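*Asks:* Chain residues, written in single-letter form:
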Amino acid sequence: MIELIHVKKEFDNLEVLSDISITINDHEIYGIIGQSGAGKSTLLRCINGLVSYDSGEIRVGGELVDIKDKKKLSLLQKRMGMIFQNFNLLNRLDVYDNVALPMKFWGIDTKSPEAIKKIKNLIELVGLSDKMHSLPRELSGGQKQRVAIARALVLDPEILLCDEATSALDPSITREILSLLQKINKEMGITIIVVTHQMEVVKQICERVSFLKDGRVLAEGKPEELFIKPIKEVKQFLQEESGHLPSDGVNIQLFFTDESSDEPVITKMARDLNIDYSICWGKLEDFRSNVFGSLVINVKNEDQDNICRYLDDKKVLWEVL
Amino acid sequence: MWETIINAAGQTFYMVFWSTLLSVIIGFVPAVILTLTANDGLRPNKVVYEILSFIVNVFRSFPFIILLIIIIPFTRFVAGKSIGTTAAIVPLTVSAIPYIARIFETSLRETDKGVIEAAKSFGASDFQIIFRVYIKESIPRMLNGVVLLIISLIGYSAMAGTVGGGGLGDIAIRYGYQRYNTEYLVICSLILIVFVQLIQMLGNHLYKRLS
Ligand SMILES: Nc1ncnc2c1ncn2[C@@H]1O[C@H](COP(=O)(O)OP(=O)(O)OP(=O)(O)O)[C@@H](O)[C@H]1O
Ligand SMILES: [Mg+2]
Chain U
-8 MIELIHVKKE
2 FDNLEVLSDI
12 SITINDHEIY
22 GIIGQSGAGK
32 STLLRCINGL
42 VSYDSGEIRV
52 GGELVDIKDK
62 KKLSLLQKRM
72 GMIFQNFNLL
82 NRLDVYDNVA
92 LPMKFWGIDT
102 KSPEAIKKIK
112 NLIELVGLSD
122 KMHSLPRELS
132 GGQKQRVAIA
142 RALVLDPEIL
152 LCDEATSALD
162 PSITREILSL
172 LQKINKEMGI
182 TIIVVTHQME
192 VVKQICERVS
202 FLKDGRVLAE
212 GKPEELFIKP
222 IKEVKQFLQE
232 ESGHLPSDGV
242 NIQLFFTDES
252 SDEPVITKMA
262 RDLNIDYSIC
272 WGKLEDFRSN
282 VFGSLVINVK
292 NEDQDNICRY
302 LDDKKVLWEV
312 L
Chain W
44 MWETIINAAG
54 QTFYMVFWST
64 LLSVIIGFVP
74 AVILTLTAND
84 GLRPNKVVYE
94 ILSFIVNVFR
104 SFPFIILLII
114 IIPFTRFVAG
124 KSIGTTAAIV
134 PLTVSAIPYI
144 ARIFETSLRE
154 TDKGVIEAAK
164 SFGASDFQII
174 FRVYIKESIP
184 RMLNGVVLLI
194 ISLIGYSAMA
204 GTVGGGGLGD
214 IAIRYGYQRY
224 NTEYLVICSL
234 ILIVFVQLIQ
244 MLGNHLYKRL
254 S
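Going line by line, the protein sequences match chains U and W. Numbering-wise (the numbering used here), the first sequence opens with residue -8 and increments by one. Numbering-wise (the numbering used here), the second sequence opens with residue 44 and increments by one.
Everything labelled a hint here was simulated from the structure, so no lab data went into it. It is possible that part of the hints are untrue.
Residues from chain W shown here face chain U by an in silico Cβ test under 10 Å; the list is partial [as the list claims (entries may be wrong)]: (1) Val158; (2) Ile159; (3) Ala162; (4) Ser164; (5) Gly166; (6) Ser168; (7) Ile172; (8) Lys179; (9) Glu180; (10) Ile182; (11) Pro183; (12) Leu253.
Straight line, CA to CA, 30 Å or less: simulated BS3-like cross-link-like pairs of lysine-lysine [to be verified]: (13) U:Lys305 <-> U:Lys194; (14) U:Lys108 <-> W:Lys179; (15) W:Lys156 <-> U:Lys(-1); (16) U:Lys63 <-> W:Lys156; (17) W:Lys179 <-> U:Lys61; (18) U:Lys111 <-> W:Lys251; (19) U:Lys108 <-> U:Lys122; (20) U:Lys223 <-> U:Lys(-1); (21) U:Lys(-1) <-> W:Lys89; (22) W:Lys179 <-> U:Lys109.
Quick caveat: nothing in here was measured; it's all calculated off a predicted structure. Just so it is clear, CB atoms sit at the ideal spot from N, CA and C, and this is done for glycine as well.
Chain U extracted, bound-state conformation:
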């Protein structure tokens, strides 16, 4: 478990993290999303002890992350692998040696049969067996990130921290890398924290997510809860416009979640209540292979009460705009 309790951090009087409290469970994929400058990377680097924080507590598996206690900190860092937006591989080492590097830092004999086997297995896990002795400059971005993932796993971490790991990659490669992360999470039971500004990342793999703005967590929950019925700031972040809605009548927004998205509520309601309305706006989205959505309908003033009662009955979330 990773616990952040009232964590604060300033850079030269600029408050970058103000009072962050988050708990991340073992084996979960947790997302931290927000605009550029929100403090996401800083937050991740605090967890890993790459930068200090000013007050509050960060605990990883119960152990306090304290940058002053170098010995203890490096033991904690061993338990947390990390990958980065720019991959950060050593240019002059081939794939194999890049993956082996963290072992060298820990004085592990990389020539031993077990070590060789482990390194090769990891390279195979990320699908680069045929590139074992290629240099980073001979690899594509996606392949480089795969090497970085193998490197981050070589010390058998419990946690994998990903800072914008897919931001430099195109959409299809992003999906591949995300599937790989998901596989690592499922098969190896590794807790994963992903920091990103890409909605797609959160939608595809995160079980829970925090929305960070100006160093504060403004919303936390399942991605579908956060994004199907977003608060104002999240809406701004998504740059979501419900377009121009009709000015006469009443506009009602419906939210389809787990239970309700299977039933054909919209057509059924028209038939059951024998009324007409127009559909003005809608969206459907995939969250870890479940479909969720939202729809705006424009109804006559006199039908509003009827419709709202019907929707409550069907347990559909709604909101008058």
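Fit chain W with the ligands to the known structure of chain U by using the hints.
*Replies:* Below, chain W with the ligands alone, put in the same frame as chain U:
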């Protein structure tokens, strides 16, 4: 004539070889300290950095010919005499150390900050980061610096003739220029040109292979 010239070429090689080797070894130390204590280093320390940097600058700004003369007592102390080919290695090395310190510092500091951060994130110690990341990643750049150093040391070694250092430059000046023996002048210059070309080519080749 040829014996004189071959002899002189040997002296040039001897002076350049030893002063390069010694200055690279000695200059490496301040380079690492400068890298560590720079504001983007692993142990930022403005005071140490500025003092060391100042010393390096002072030594770099002496014209070689003046350095040669003012360190004569030091040369005598180290080499046992102040005149001769071996003695000339001392001022050559002294002038090359700050140059190497700066060149290596620049090379090391060009290492990608992200790679250093990655190493830190795996729990590497500062010592490991210096050797396994900074130096490892900078070797081609440092090599380029050494090639430049060798080339300028070939030039300086000619001036070292002033303290009886001998070498091709010395022969070119004494026989060629002062005694109007154009042949000497031309042959010595040609050998120096070939020297420089060969070293540059070797350097470029190694740079490509290493990076
Ligand atoms: N080392 C530092 N010194 C001073 N200010 C910093 C430092 N690192 C980050 N900051 C500032 O902290 C704020 C948050 O930065 P951070 O990198 O955490 O944002 P982010 O959410 O990761 O943004 P991005 O999406 O661009 O990566 C920014 O205003 C940044 O300028
Ligand atoms: Mg960032």
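*Asks:* When the structure is checked against the list of hints, which entries are broken? Sort them ascending.
*Replies:* none
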